[in-house]
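Trainee: Whenever a hint applies, use it, and build me the whole structure from the sequences.
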Amino acid sequence: MYTFEDKGGRSLTLRAEGTAPTVRAFIEDNIQGQDRERLVKLFYIAPIFRQDRPQAGRFRQHHQAGVEAIGSSEPAVDAEVIDLALTFYRALGIEGTRVLINSVGCPACAPGYVDTLKASVADSVEQMCHDCRRRFETNPLRLLDCKNETCRQITAGAPTMLDNLCGECEAHFDGVRAHLEALGIAYEIDPRIVRGLDYYTKTAFEFRHDALGAQDSIGAGGRYDGLVEQCGGPATPGVGLGIGIERVLLVREALGVEDVQESREGSFIVTIGDEAWLPGYRLLHELRGAGLKAEIDYRRRSIRAQMRYADNEGFLNAVILGEDELARGVATVRDMVSGEQEEVPLDDLAAHLKGDGAE
RNA sequence: GUGGGCGUAGCUCAAAGGCAGAGCACCUGACUGUGGCUCAGGUGGUUGUGGGUUCGAUUCCCAUCGCCCACCCCA
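Sequence positions in the first sequence follow my numbering and run 25 to 383.
Any given hint could be a false lead.
[As the list claims (entries may be wrong)] Pairs of lysine to aspartate or glutamate residues, derived as EDC-like cross-links and limited to a Cα-Cα distance of at most 20 Å, are as follows:
| hint | residue 1 | residue 2 |
| --- | --- | --- |
| 1 | Lys142 | Asp107 |
| 2 | Lys378 | Asp298 |
| 3 | Lys65 | Asp76 |
| 4 | Lys65 | Asp107 |
| 5 | Lys171 | Glu192 |
| 6 | Lys171 | Glu150 |
| 7 | Lys171 | Asp76 |
| 8 | Lys171 | Glu161 |
| 9 | Lys317 | Glu337 |
| 10 | Lys317 | Glu289 |
| 11 | Lys65 | Asp53 |
| 12 | Lys317 | Asp371 |
| 13 | Lys171 | Glu212 |
[As the list claims (entries may be wrong)] Have a look at the derived ranges for each label pair, beta carbon to beta carbon:
| hint | residue 1 | residue 2 | range |
| --- | --- | --- | --- |
| 14 | Pro258 | Ala195 | 55 to 61 Å |
| 15 | Pro369 | Leu63 | 53 to 59 Å |
| 16 | Gly120 | Asp222 | 29 to 35 Å |
| 17 | Arg332 | Ala206 | 54 to 60 Å |
| 18 | Ile69 | Asp139 | 38 to 44 Å |
| 19 | Gln177 | Arg48 | 28 to 34 Å |
| 20 | Asp59 | Leu236 | 39 to 45 Å |
| 21 | Gly256 | Asp139 | 25 to 31 Å |
| 22 | Ala206 | Ala238 | 30 to 36 Å |
Simulated from the structure, these hints should not be mistaken for lab results.
Ideal Cβ positions, reconstructed from N, Cα and C, are used throughout, including at glycine.
Mentor: Put into structure tokens, the structure is as follows:
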């Protein structure tokens, strides 16, 4: 975590994730109200910090969009959260997202599994990497996601949490699978997806994309039936997910997804000659007063330069004011996409432009 | 946290001790009241910052800041 001391010697830590803060708000603001079974759906988009050395797809500061569904232990909600993420990715043009799921059990079955796991690898601990020898004592579940090849081979044959779930957790996991399958969502079961903290329960999932490098997770989440209570609230189940915005952008780039073209808007007032300047300047004021977006060239450049600028800056149309137009009390409105032009009386200009959706 | 790489024009990059360059972008003109295409010309730099070596440093050395990549970590 990104922890440091401020000038007064106070220890500060920057937000490391979105779930716990959201849960605190859920409790402190009594968002759920009287109905303790009510399902509360929340979302956040927030900057997140970590102090690890940066690399591709890992920044000291990134942004996370997340959702939390608090109040229900139904497996349908777990599946819905997964479905929401996939819908989000697809809406942004990202296909090929892999869904990996696992169950990390609950306080009734997880501790027993940890003992089983330790017992199964105990004879081989000496051959494992330095970190895993430490993990064996401090956080055995983490043995499962070590990337070291030797360690992976040792843990490959170890019993999985899924084989050691209690009846309730097993039923829940089956329920999640059934709901995913009902939605036609393809998933992989990966017993190596674990969580280090004990308020995480049952479903754990992760979204990965092969277009990325070493940091290939584009979102992750899971169930945390113990968190609300641990934060000081009434025992309340919950499930949620976080999506890394920068990672999503990296995937889009890697896949060559085109950015949505920024739509043209507003009017650029082109004045020709000194006598058109003040009328054009007044027109600028009038259009803005009518709620329209408008700009003008203060450098009094050539009509060519003004047109080029209007094009480059993405204006929807050019409002041309010259000698001819002034004499007739009109302006020439040029559509910068089609190139079509028409003369519009100055008095009708604002209404006319509004009809064009130029605001 | 460990190791490595890179900082030069708005952008992408050359120059490897000896006058800081190219492409793109931008500006002007060809086109006298009309953007996009083409051609010609032009603007643009304390070479991240601070020291050092040298007659001379973008280039070599040290420090510092920033960015990138891998390891690591992953609430």
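Trainee: Give me the numbers of the hints this structure contradicts, sorted from smallest to largest.
Mentor: 1, 2, 3, 5, 14 and 19
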